[in-house]
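Turn these sequences into a full structure, and let the hints steer you where they fit.
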Amino acid sequence: MERKGAKEKGFAGLFFMLGVMALYVVVFFLNEQLGRDALDHAGNLLSRLAPVLALVFVLIFLTNLLIRPAWVRTHVGQHSGLKGWAVALVGGMLSVGPVYPWYALLGELKDKGMRPALVAVFLYSRAIKLPLLPLMIHYFGLAYTLLLIAYLLLFSLLNGMAMKRLEST
Amino acid sequence: MQEPPWRNGEALKASLHKTTSMFLGILPVITGVILLTGLLIELLPADAIAEWFGHNNFLDALTGAVAGSISAGHPVSSYLLGGELLAKGVSLVAVTAFLVSWVTVGSIQLPAEGVMLGWRFALLRNLLCFLSSILVAVLTVATLGLAG
Numbered sequence: 000m001e002r003k004g005a006k007e008k009g010f011a012g013l014f015f016m017l018g019v020m021a022l023y024v025v026v027f028f029l030n031e032q033l034g035r036d037a038l039d040h041a042g043n044l045l046s047r048l049a050p051v052l053a054l055v056f057v058l059i060f061l062t063n064l065l066i067r068p069a070w071v072r073t074h075v076g077q078h079s080g081l082k083g084w085a086v087a088l089v090g091g092m093l094s095v096g097p098v099y100p101w102y103a104l105l106g107e108l109k110d111k112g113m114r115p116a117l118v119a120v121f122l123y124s125r126a127i128k129l130p131l132l133p134l135m136i137h138y139f140g141l142a143y144t145l146l147l148i149a150y151l152l153l154f155s156l157l158n159g160m161a162m163k164r165l166e167s168t
Numbered sequence: 000m001q002e003p004p005w006r007n008g009e010a011l012k013a014s015l016h017k018t019t020s021m022f023l024g025i026l027p028v029i030t031g032v033i034l035l036t037g038l039l040i041e042l043l044p045a046d047a048i049a050e051w052f053g054h055n056n057f058l059d060a061l062t063g064a065v066a067g068s069i070s071a072g073h074p075v076s077s078y079l080l081g082g083e084l085l086a087k088g089v090s091l092v093a094v095t096a097f098l099v100s101w102v103t104v105g106s107i108q109l110p111a112e113g114v115m116l117g118w119r120f121a122l123l124r125n126l127l128c129f130l131s132s133i134l135v136a137v138l139t140v141a142t143l144g145l146a147g
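Protein chains in written order, with numbering that gives the first Met the number 0: chain A, 0 to 168; chain B, 0 to 147.
These aren't lab readings, by the way, just hints derived from the structure by calculation.
Treat the numbers as computed from the prediction; the structure is a model and nothing was measured.
Heads up, none of these hints are tricks.
Chain B side only, calculated, beta carbon under 8 Å to chain A, not exhaustive:
1. G82
2. V102
3. T103
4. S131
5. L138
All C-beta atoms, glycine included, are put in the ideal place defined by N, C-alpha and C.
Dropping the structure here:
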């Protein structure tokens, strides 16, 4: 599927943001305290997100500077084979912070030839949060955590395969 | 021999310009998602979600997947809430579906994903992730049961 033009995407994003702002106006009108608390949460989120946004900006800058479409096609493109799946799987597990800044990088790589199936693998394997494993083990036990991780790895690949089929139809 | 791109002023400038204009383009989407997440955290507190459970295993698993899909916030919150739900007697299958859909399905982030990766891709992927969260939950708990 073709991605929308940059201008069209910009407008869609702007309309979305204006829609959410309009929603806030309604919320403030109905319940001012709720609106204030929601804005506080949003402010906290933004402060947590800022370092990730900066990291993604640097990664996209480096991608634009150093990575040519030919490189992307070789490593995560149509003929990247098993290596492509492994790169997407490990890349997703190592990616940090909220997901939405990563969409921009993946969109850029998709434009340069990354397979949509591998984008799906990357996004699914983000469910495995390596730094949070000790906490998960603490709450749910070692056996449960290991099993869940194994199934998440398996389903990352299965989702990628399913997306490959669905995208080709 | 060709100059490497990091030593080429023109290439550096072009790359910086492309990255900056792309970021300015996605900034409204990210701002919208952050604002929406803030609102959702206020409208759907943890205690409210806990009250949705308590029917049967299948319905609870479905409820868990739905609750995780529309929830927002750091995954740590899902562990805390998952632990609370378990303590309240909600089944492990439901809690697992909740934990998995929390980190794989992004209904709040869907507009951002749709704009940046394509709407068809975003909708199909999220639907697959939603169904997978129930399957992963059933398989994990079944395997755990088999392993004793």
